[in-house]
Every structure is written in C-alpha cells, then in structure tokens.
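Colleague: Sequence:
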Amino acid sequence: MNYKEITALFTGLLISNAALSAEPAVPVNLPEFKEGQYVHQAPSVQDLENNDSIHPELKKVILKGRDMFMNTQQFRGEYVFNDMNCKSCHMGEGRRNWSGPVWPAATTLPDFRGKNQHVNSLEERIAGCFSFSMNGTPPAYGSDDMLAMVAYHRWLATGAPVYEKNIGGRGFSHLGREKPALDYDKGKAVYTENCAICHGDSGQGQHKDGEVVFPPLWGDNSYNWGAGMTRVFTAASFIKNNMPLGKPGSLTDDEAWQVANYINSQERPQDPRYTGDVKETREKYLNFHKHTNYGTVVNGKLLGDHDNTGSKPFLKPDALKPRTFD
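Heads up: the sequence shown is residues -21 to -1, 1 to 305, going by mature numbering (1 follows the signal peptide of the UniProt record, and there is no 0).
In short, the hints are calculated from the structure, not lab data. Glycine is no exception: its CB is placed at the ideal position from the N, C-alpha and C atoms. A couple of the hints might just be wrong.
With a straight-line cut-off of 27 Å between C-alpha atoms, the simulated BS3-like cross-links for lysine-lysine are [what the hints assert, rightly or not]: (1) K94 - K187; (2) K165 - K263; (3) K280 - K295; (4) K13 - K38; (5) K13 - K167; (6) K280 - K258; (7) K263 - K167; (8) K66 - K94; (9) K13 - K158; (10) K66 - K187; (11) K280 - K187; (12) K295 - K66; (13) K263 - K158; (14) K226 - K66; (15) K167 - K43; (16) K295 - K269; (17) K226 - K94; (18) K66 - K280; (19) K280 - K263; (20) K39 - K66; (21) K187 - K43; (22) K226 - K295.
So the derived label-pair ranges between C-beta atoms look like this [unchecked claim]: (23) D284 - D233: 26 to 32 Å; (24) D26 - N50: 36 to 42 Å; (25) P140 - E11: 47 to 53 Å; (26) E14 - K280: 44 to 50 Å; (27) N145 - Y120: 17 to 23 Å; (28) T303 - D180: 29 to 35 Å; (29) G255 - E14: 32 to 38 Å; (30) P10 - E172: 21 to 27 Å; (31) Q25 - K280: 34 to 40 Å; (32) Y120 - S32: 24 to 30 Å; (33) N278 - G121: 30 to 36 Å.
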C-alpha cells in the first residue's frame, strides 16, 4: 500500500459518514476521568494568538517551542539522532489528555524522579526526552532553544494549579503496571493486523519526500532502550488510548498489552546508561528495567546485548548526570 492509499484510508476513518449510519465510523473508547481528578484543557495556538495580554516577544518564543515540539526532526544530527518528533509520543501538540500531555511537567516539577533518583527540573525532564526518546542530546540548559521548549510547556499549563498531582489523562499508565500473561506470537498477530500498515512490517515507519510520516517502533531510528516507551506498561497504555490512528480505544486491553510486548521485544539503540554489560545495566537500573524486556532473553536472543547507538556518534550525553544536595 502506497502513501496515497494510506492517506485515503485514514481520511476515511476520520470522517464520519452520517448519511450511511448514525453510528460512529470507528469505536472510540477512551477511559473516564476518575472522581476528584483535575482535568485541564490546554490552550490552543488560536488562544495564544487571541491573547493580547501576552507580550509579542513571549509569543514568538512560545511558538518557537511549539515548532521544535512539532518538528523536532529539524534538529536531526544536532539534538536528534533518530526519526522521532516530540509529537510522536505526545500527540495533539502535547495538549491531548490520555496521550501524555506535557503541561503537567510544568506544574509538578521540580520533583524527585525515580528514573534517575534525584530531584529534576523542567529543563532536565525535557533533556531526558531528547536523551532517550530522541536517542540524542538536549539543547543546553539555559540556551535559547531550551528556553523555547520550557516556554511552550509552561504556556500549555496556563491556568493549571501547581503541584496538583491527581491529574486526569496524565501520562501512560492507565492500564496499570502489572503485566498479564504475554505471548510474543499474539502480539505479532495484533501488530500485523493493526499496526504494520503505518509502521511497516519491520517497524521501520514510513517517510514521504524525506519527512517522517509514521515513526519507527524499533531499529536504529526508533527510541533507545532507556526511553520510557520501552516499559511495556507505558507502551500498552499509550497504544490503548491512542492507536491505531483514528481508532483510539478500539483494541482490547489484552491486545494493547500483547502488541506493546511484541514491539518492545525488538532491538533498538543501546540505553545511554549502558555500563558495557547488559545484565549489569539492567540490574543497576532495575527500578526502570523491571518493566522492560531489556537484558532478558526473547526467542533465544539476549535483548540489548550490543554496543549499537544507532546513528548517534556517542553513548551518553553530558546532560545525564547525577545530582545531590549532600
């Protein structure tokens, strides 16, 4: 199936045909917000343009941050060394609930983060995404580019309370962290039927005129073994609430778990925290990797047992460093 055929397919999925049926074209079964949760509707670009109280210079910085977020590939070879954009995981401009909206980072940080075992700033949280999900290195702390990214995050949080953590639609953990019984072949079948049309039979994604249309899910141009999406529970919740494109919530919970496990049983660039031994690395960062397949044997292969960093000419960016106040 070529690009035009794929585009036509999803156009058909996304447009309701009321003349033929009163039922939605596809099932959309997103979860309900829990009682007592804070639900925030992040502002849109139009809201920004219509807000005369925001200084024009600040608007320019916010829009620059949005442009970086939506088209992170413009920094390929500088900050980004794979085929991912920020919007690949944080859909709907980073505004959409149930798709990892990014504004909560602006309202809940600084805070202690289990992944690196110290208190993180908003800049550091953004840096982590570049280091792991983008398999790259972040803009320098305090730089113009980092300021723009921070400004976009904070603007999306306009009106949201600070340090409110009971947030509806936040993150990727709706299905919980306890994995059901998982089967590689079941996951492969779900992938073939629902995902390969966009992401390719080998998870390579798709390009059009040199631009990423659908991101790769494994291989050298996907997120590395340290990215949050390698956690099976993270990928399962993201898939359940966002995929297939145009049909969020149409997979069963079990199908989402199975295909998340299948995707994250494929090789990808090395975790930047790699010590030189995959089993040692897994054990050292077990608080994270206990939820991944890294350092485990799948189909007779020890996942992550390599030195491959993809197209990135280094392993660990300087931004990944410990902090202590002792």
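Colleague: Determine for every hint whether it applies to the structure shown.
Modeller: Hints, one by one, checked against the model:
no.: 1; hint: K94 - K187; in the structure: 35 Å, violated
no.: 2; hint: K165 - K263; in the structure: 31 Å, violated
no.: 3; hint: K280 - K295; in the structure: 24 Å, holds
no.: 4; hint: K13 - K38; in the structure: 34 Å, violated
no.: 5; hint: K13 - K167; in the structure: 33 Å, violated
no.: 6; hint: K280 - K258; in the structure: 13 Å, holds
no.: 7; hint: K263 - K167; in the structure: 30 Å, violated
no.: 8; hint: K66 - K94; in the structure: 22 Å, holds
no.: 9; hint: K13 - K158; in the structure: 22 Å, holds
no.: 10; hint: K66 - K187; in the structure: 17 Å, holds
no.: 11; hint: K280 - K187; in the structure: 33 Å, violated
no.: 12; hint: K295 - K66; in the structure: 23 Å, holds
no.: 13; hint: K263 - K158; in the structure: 22 Å, holds
no.: 14; hint: K226 - K66; in the structure: 18 Å, holds
no.: 15; hint: K167 - K43; in the structure: 39 Å, violated
no.: 16; hint: K295 - K269; in the structure: 21 Å, holds
no.: 17; hint: K226 - K94; in the structure: 32 Å, violated
no.: 18; hint: K66 - K280; in the structure: 32 Å, violated
no.: 19; hint: K280 - K263; in the structure: 21 Å, holds
no.: 20; hint: K39 - K66; in the structure: 20 Å, holds
no.: 21; hint: K187 - K43; in the structure: 24 Å, holds
no.: 22; hint: K226 - K295; in the structure: 37 Å, violated
no.: 23; hint: D284 - D233: 26 to 32 Å; in the structure: 29 Å, holds
no.: 24; hint: D26 - N50: 36 to 42 Å; in the structure: 21 Å, violated
no.: 25; hint: P140 - E11: 47 to 53 Å; in the structure: 21 Å, violated
no.: 26; hint: E14 - K280: 44 to 50 Å; in the structure: 45 Å, holds
no.: 27; hint: N145 - Y120: 17 to 23 Å; in the structure: 30 Å, violated
no.: 28; hint: T303 - D180: 29 to 35 Å; in the structure: 47 Å, violated
no.: 29; hint: G255 - E14: 32 to 38 Å; in the structure: 49 Å, violated
no.: 30; hint: P10 - E172: 21 to 27 Å; in the structure: 23 Å, holds
no.: 31; hint: Q25 - K280: 34 to 40 Å; in the structure: 49 Å, violated
no.: 32; hint: Y120 - S32: 24 to 30 Å; in the structure: 29 Å, holds
no.: 33; hint: N278 - G121: 30 to 36 Å; in the structure: 46 Å, violated
Hints 1, 2, 4, 5, 7, 11, 15, 17, 18, 22, 24, 25, 27, 28, 29, 31 and 33 from the list above are not met by this structure, while the remaining hints are.
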